[in-house]
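S.K.: Take the given structure of chain S and dock chain F to it, following the hints.
So the protein sequences, as listed, match chains S and F.
All letters in the first sequence, in the order written, are residues 1430 to 1688 by the numbering used here.
All letters in the second sequence, in the order written, are residues 5 to 246 by the numbering used here.
Simulated from the structure, these hints should not be mistaken for lab results.
Here are some of the chain S residues that sit facing chain F, going by a computed Cβ distance under 8 Å:
1) Arg-1432
2) Leu-1447
3) Pro-1451
4) Leu-1538
5) Ala-1622
6) Phe-1653
Cβ-Cβ distance ranges computed for the label pairs, FRET-style:
7) Glu-1461/S x Thr-28/F: 39 to 49 Å
8) Arg-1580/S x Arg-65/F: 25 to 35 Å
9) Asp-64/F x Ala-1608/S: 31 to 41 Å
Note that the coordinates shown come from a computational prediction; the quantities given were computed from them, not determined experimentally.
All C-beta atoms, glycine included, are put in the ideal place defined by N, C-alpha and C.
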Amino acid sequence: MLRRYGLRFTALGYLTLLLVLPVAMVFRRAFEDGVGAAWDAVTTPEAKHAFLITIVIALIAVPANTIFGIACAIAIVRHRFPGKGIVNAIVDLPLALSPVVVGLAFLLLFGTGGWFADLPFDVIFALPAMVLATIFVSLPFVVREVVPVLREIGTEQEQAASTLGASSWQTFRRVTLPAIRWAVAYGVVLTTARALGEFGAVSVVSGRIVGKTDTLTLHVEERFQSFDYVGAYAASVVLALLAIATLVAMSVFKPKEGR
Amino acid sequence: MLVPLAAVVWKSTQGEQSFWDAVTEPQAVSALKLTFFASVAVALVNAVMGTLIAWVLVRDRFRGQSFVNALIDLPFALPTIVAGLTLLALYGPNGPFGVDVAFSRAAIVLALLFVTLPFVIRTVQPVLLELDREMEEAAASLGAGAIQIFRRVVFPNLFPAVLSGVALAFARAIGEFGSVVLISGNLPFKTEVASVYIFGRIESGDPAGAAAVSVVLLAVSFATLLAIGGLRRRVTRHDRAA
Chain S
1430 MLRRYGLRFT ALGYLTLLLV LPVAMVFRRA FEDGVGAAWD AVTTPEAKHA
1480 FLITIVIALI AVPANTIFGI ACAIAIVRHR FPGKGIVNAI VDLPLALSPV
1530 VVGLAFLLLF GTGGWFADLP FDVIFALPAM VLATIFVSLP FVVREVVPVL
1580 REIGTEQEQA ASTLGASSWQ TFRRVTLPAI RWAVAYGVVL TTARALGEFG
1630 AVSVVSGRIV GKTDTLTLHV EERFQSFDYV GAYAASVVLA LLAIATLVAM
1680 SVFKPKEGR
Chain F
5 MLVPLAAVVW KSTQGEQSFW DAVTEPQAVS ALKLTFFASV AVALVNAVMG
55 TLIAWVLVRD RFRGQSFVNA LIDLPFALPT IVAGLTLLAL YGPNGPFGVD
105 VAFSRAAIVL ALLFVTLPFV IRTVQPVLLE LDREMEEAAA SLGAGAIQIF
155 RRVVFPNLFP AVLSGVALAF ARAIGEFGSV VLISGNLPFK TEVASVYIFG
205 RIESGDPAGA AAVSVVLLAV SFATLLAIGG LRRRVTRHDR AA
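Pulled out of the complex, with its shape left as it was, chain S reads as follows:
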């Protein structure tokens, strides 16, 4: 009995010190000078613009990764092709790769002297590179959630549908998609969280032009470095609230036991 409480106490104590208290602290710091000051800090033109940029990036990156993720998962599970094992490992790579390295990669490709430097429009230090970097880092989530479910449901229903004369698109839309929809939803939630919160890769490729290529996470750092702590903490609260909303969505969509 004593041991059980000891373990419980240790586990909860560790989580409190590492997770709960720090996050609670941000809320306290943000509202130190009152709710009004915090509200003013997140409604400055720069903050609003950063918020807009973040949303635009997420609106492009999340659908792109959802479509790619489903296609890629189907390719990995349902088809055989040479180099499949490598593709499988590469899909996971963004999870293990430093975001700064990802940023550097795009900088080298599209920056001055890069392989694709002569495009007719700005890529680096502009929105396209930020979107590309975000797509890169949030790529694995849908794939990783959908692959195990596709394996689990097998091909029998899909085969039945095609023997009944369904085209492959019909089979996908009426049979496969309903079966994987929760996994897709869960993957989309994770992708969105990552896309909204990306910092390292975006900070390398954006050039951090305030009021132009600032995302919400970059805005937090920029405010902090300019000693505007209320601004930094208030923007952090916005991001933390988004994270909490993500957690709620995750517990709704989480694959349940035995499903």
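M.R.: Relative to chain S, chain F alone:
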């Protein structure tokens, strides 16, 4: 995906100094060493605390448990820069506890512990749920103590999951940037991790030097991923045999 990474590898050989010189520059070596040792320390702490927390979440029953369970994913959902800021608010200058670890190596370990918290818990939890309690009961009826049961019966079953969680946490810690950048102070030779070093090289217009150190990180992450893949294959084979 491969084209951008190929560009990094290519660039790492294009600098004024050779790849080897760029990687063995004292500041780079010190950053890589710090990153490596901090990540190992973080992986070890995670192995112990992650297993313990997973155990409490699966075997214990208390009020608010599902809330705690949902909370575990917070570091995945929270942007890393916010994570760094939160830790700085609590364990930095003017923190409420008077604990100030800002701009020290302890701060780096703290930030890495925060962002890697879920990995071991989330790999161990499902295995622990599936684990047959009859084995433990059999061991207990044969006179084994609680510690003996854990060491001889439970732990061998959990080990592959712990290892794979630790590897994921290690890979993440090696490349972490956002949470570390505010709290570590980025003092060269002291609290500068590899990602921050790369960032600094980029900012000061030395993409080749940045690329060289990046290649080292790339190699480490890829090796870790391959190791995890191998581990998974071994575990599934074990399942099939059982």
